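Asker: Each chain, letter by letter, is given below.
2 protein chains.
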Amino acid sequence: MSNTILEDKTVLSFHSVAGFRTAGTHCGLKPNGDNDIALVISDRPCQAVGIFTTNQVKAAPVLYDQAIVARPDAQVRGVIINTGSANACTGTDGLARTRQTAQLVAGHIGCTPGEVLVLSTGVIGLPLDMDCMARGITDLAGQVRPDGWPDAAAAIMTTDTRPKLASVTTPEGYTLTGITKGAGMIAPHMATMLAVIVTDAVIARSVLDKALRRAADHSFNRIVVDGDMSTNDTVLVLANGASGITVKDEAGFQAALTELCTTLAQAIVRDGEGATKFISLHVTGAADDAAARTIARQIAVSPLVKTAFYGGDPNWGRILAAAGYSGASIDPDTLALWLLGADGSRVIQLVEGGHPTNYDEPAAIAHMQQAEWGIQLDLGMGDGAALVWTCDLSHEYVTINGHYRT
Amino acid sequence: MSNTILEDKTVLSFHSVAGFRTAGTHCGLKPNGDNDIALVISDRPCQAVGIFTTNQVKAAPVLYDQAIVARPDAQVRGVIINTGSANACTGTDGLARTRQTAQLVAGHIGCTPGEVLVLSTGVIGLPLDMDCMARGITDLAGQVRPDGWPDAAAAIMTTDTRPKLASVTTPEGYTLTGITKGAGMIAPHMATMLAVIVTDAVIARSVLDKALRRAADHSFNRIVVDGDMSTNDTVLVLANGASGITVKDEAGFQAALTELCTTLAQAIVRDGEGATKFISLHVTGAADDAAARTIARQIAVSPLVKTAFYGGDPNWGRILAAAGYSGASIDPDTLALWLLGADGSRVIQLVEGGHPTNYDEPAAIAHMQQAEWGIQLDLGMGDGAALVWTCDLSHEYVTINGHYRT
Chain S
1 MSNTILEDKT
11 VLSFHSVAGF
21 RTAGTHCGLK
31 PNGDNDIALV
41 ISDRPCQAVG
51 IFTTNQVKAA
61 PVLYDQAIVA
71 RPDAQVRGVI
81 INTGSANACT
91 GTDGLARTRQ
101 TAQLVAGHIG
111 CTPGEVLVLS
121 TGVIGLPLDM
131 DCMARGITDL
141 AGQVRPDGWP
151 DAAAAIMTTD
161 TRPKLASVTT
171 PEGYTLTGIT
181 KGAGMIAPHM
191 ATMLAVIVTD
201 AVIARSVLDK
211 ALRRAADHSF
221 NRIVVDGDMS
231 TNDTVLVLAN
241 GASGITVKDE
251 AGFQAALTEL
261 CTTLAQAIVR
271 DGEGATKFIS
281 LHVTGAADDA
291 AARTIARQIA
301 VSPLVKTAFY
311 GGDPNWGRIL
321 AAAGYSGASI
331 DPDTLALWLL
341 GADGSRVIQL
351 VEGGHPTNYD
361 EPAAIAHMQQ
371 AEWGIQLDLG
381 MGDGAALVWT
391 CDLSHEYVTI
401 NGHYRT
Chain Y
1 MSNTILEDKT
11 VLSFHSVAGF
21 RTAGTHCGLK
31 PNGDNDIALV
41 ISDRPCQAVG
51 IFTTNQVKAA
61 PVLYDQAIVA
71 RPDAQVRGVI
81 INTGSANACT
91 GTDGLARTRQ
101 TAQLVAGHIG
111 CTPGEVLVLS
121 TGVIGLPLDM
131 DCMARGITDL
141 AGQVRPDGWP
151 DAAAAIMTTD
161 TRPKLASVTT
171 PEGYTLTGIT
181 KGAGMIAPHM
191 ATMLAVIVTD
201 AVIARSVLDK
211 ALRRAADHSF
221 NRIVVDGDMS
231 TNDTVLVLAN
241 GASGITVKDE
251 AGFQAALTEL
261 CTTLAQAIVR
271 DGEGATKFIS
281 LHVTGAADDA
291 AARTIARQIA
301 VSPLVKTAFY
311 GGDPNWGRIL
321 AAAGYSGASI
331 DPDTLALWLL
341 GADGSRVIQL
351 VEGGHPTNYD
361 EPAAIAHMQQ
371 AEWGIQLDLG
381 MGDGAALVWT
391 CDLSHEYVTI
401 NGHYRT
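Chains as they are written, first to last, in our numbering: chain S, 1 to 406; chain Y, 1 to 406.
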């Protein structure tokens, strides 16, 4: 059994984006002295769109941001992000502190509080310490700079072991750069994750909004660490138009945004709490895409499957069993299962027609010891398909989450 | 963080039941030499009823037994139970081996194969070794005796750490005795668990069937270890009438069967894979019972909640978050949460109106270090309620399931 936490081989480089400045610092929300607050500001108003947790228990900053981005004429100048406190389950007082946070930022930028978005992550129920926030915001306002992205990415980490940032430049000449965090409480349809993506493209709000939803379907909505869904999940995209380049090729923008979101989403799974393996889970041949998604998600959250991934045990029976109780209709006699390479190629077929093949067990075990590989479960029923990126469930996951607050 | 696996304080004593004889032995299905096969026989035909996994991937013995107990005139003389191989995902060959197993038993008892039920548990996909089965059945046929229950209970263990058997005697004078196994892959609505319960009462099949379903709703369908649902789950009840006592008080029979099933089901959770804590999870004030069950189940399967239980961390935010994404409708502002004693009494209120109370954190931590306690989540919406028994998610769970087959 591997006890090595998964290394991220991807070098997440970044580009500055015209008109945006960022910084990260320590304001005292994290008792251990780590950086815990980040600021992203634009020198001009941005189009802003967002997607948010579907959890019915929503944190104060989620409720606050949702109201702002819901306005068709929303203009945003800054995003402030704190860790250490999720400001969730904090009632009207929590909402008041979120508003006060926006006011503090607005005072430094010289805009209205309604032009500032607020993201919080950390322990649920803890009141946001406004003395810390005020100190942090003042510090950050004096530190923001065009190449401050690595500091911002580092300051929003919680149980993450490394900062996550990425950039995409486009043939049309504009740039997208994003930061994200999230390592546990990760489920499809958002998770304990935050992401802020900015671009200097000139783009209509309606196009931006549609592009974000499509990109999220192919990235953030495809990841599972532990299946828990948080109160604070938020992905924001800000477009300030500072490049002067108007997006003419909307498909090109969609591709760039999807690529960026995919890189960031995969980085979350690679840094999943205690993860030692990154696994691409392809479900094909389902009655429809929805059924494929249901099955893929059930496999990805199964503790028995995830511990078998950890042990590198080709215990395909657990995968078939998870598919069988997912709620989606399957035919046990038409199931086929393959181990895939990191590139998606089929390496070893484990199951055909619902029964085990005469596969090479030592080879299968060796394959599963690798840090990155995949599985394909074909249901043999139709054309429905789904892809989920997930990780294993290790001793380290239990250690991290048995000790989170203490 | 406690690393002590939960001890079962309950002494599971048993009574012999008139007309039934049992035994357990080693036939070679388990490479480590542990006992791996058990036989229960009745000296006369029994009424037989059963409930089975709802997993669409059903093991051969499940399909076989379902067909038998579905017949209104079903008469059963024996139950053979093996571990080491689940005989699931084994196709028509698997079904043939189940039938052959029944034939072997029938030959020793002197009945028809259709009067023998077969239960299997263990690794999925492994063909059942019929040489082992034949040897084991021959040995068992020579060993069965009225007080063989502890041996039978021990022989059906897989990752269980101790045998699980219990008895109830009734005012009317008949007896019920049952054995069960199951430690992982445990979810509501059956799990990787098998149970065989026998009684010497004279009882109509229709009454017995209804009583089993009600008893299971209050026992086996209330337990969660890891939320996985197996291909082999089966609970059987056999009534041979050997006491000569006809059940007149049907409510009394129901109460006795429910008590027995509850004892056995709780024993499974107390012996849950790696379990260090036994937790009773009460959800009250839901819109209806179905919503309460959905929420209770989501809390019970949440890895973040279960690791917080393991660490003894009163991280109530994770419980509220799990309720919020369960799919059942809740009002975040009317949630209340208590830590309960092992007797169900309220000890510490953690949340009121969706916000944390000013509770005594060290006292809450100390309470959660105990081996047995509960939580109550009241939704403040209606009269719906549900009760689930569950355990924590420990390092040992990961060790057990990362290594199961190797």
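Hints are computed from structural coordinates only; laboratory data are not their basis. Since the model is a prediction, treat every value here as computed from it, not as a measurement. A portion of the hints provided could be inaccurate.
[Unchecked claim] Below, computed lysine to aspartate or glutamate pairings styled on EDC-like, alpha-carbon distance capped at 20 Å: (1) Lys30/Y x Glu361/S; (2) Lys248/Y x Asp209/Y; (3) Lys30/S x Glu361/Y; (4) Lys210/Y x Asp73/Y; (5) Lys30/Y x Glu172/Y; (6) Lys210/Y x Asp147/Y.
[Stated by the list, open to error] Simulated coverage check for chain Y against chain S, where a stretch passes if three residues somewhere in it have a Cβ under 8 Å from a Cβ of chain S: (7) 52-61; (8) 81-93; (9) 306-312; (10) 316-323; (11) 352-359; (12) 392-399.
[What the hints assert, rightly or not] To give an idea of the chain S side of the interface with chain Y (calculated C-beta under 7 Å), a few residues: (13) Leu304; (14) Thr307; (15) Gly311; (16) Leu320; (17) Ala321; (18) Gly344; (19) Val347; (20) Gly354; (21) His355; (22) Pro356; (23) Tyr359; (24) His395.
No residue lacks a Cβ here, since even glycine has one placed at the ideal position from N, Cα and C.
Asker: Check each numbered hint from earlier against the structure, then list the numbers of those it violates in ascending order.
Answerer: 5, 6, 18, 19 and 23
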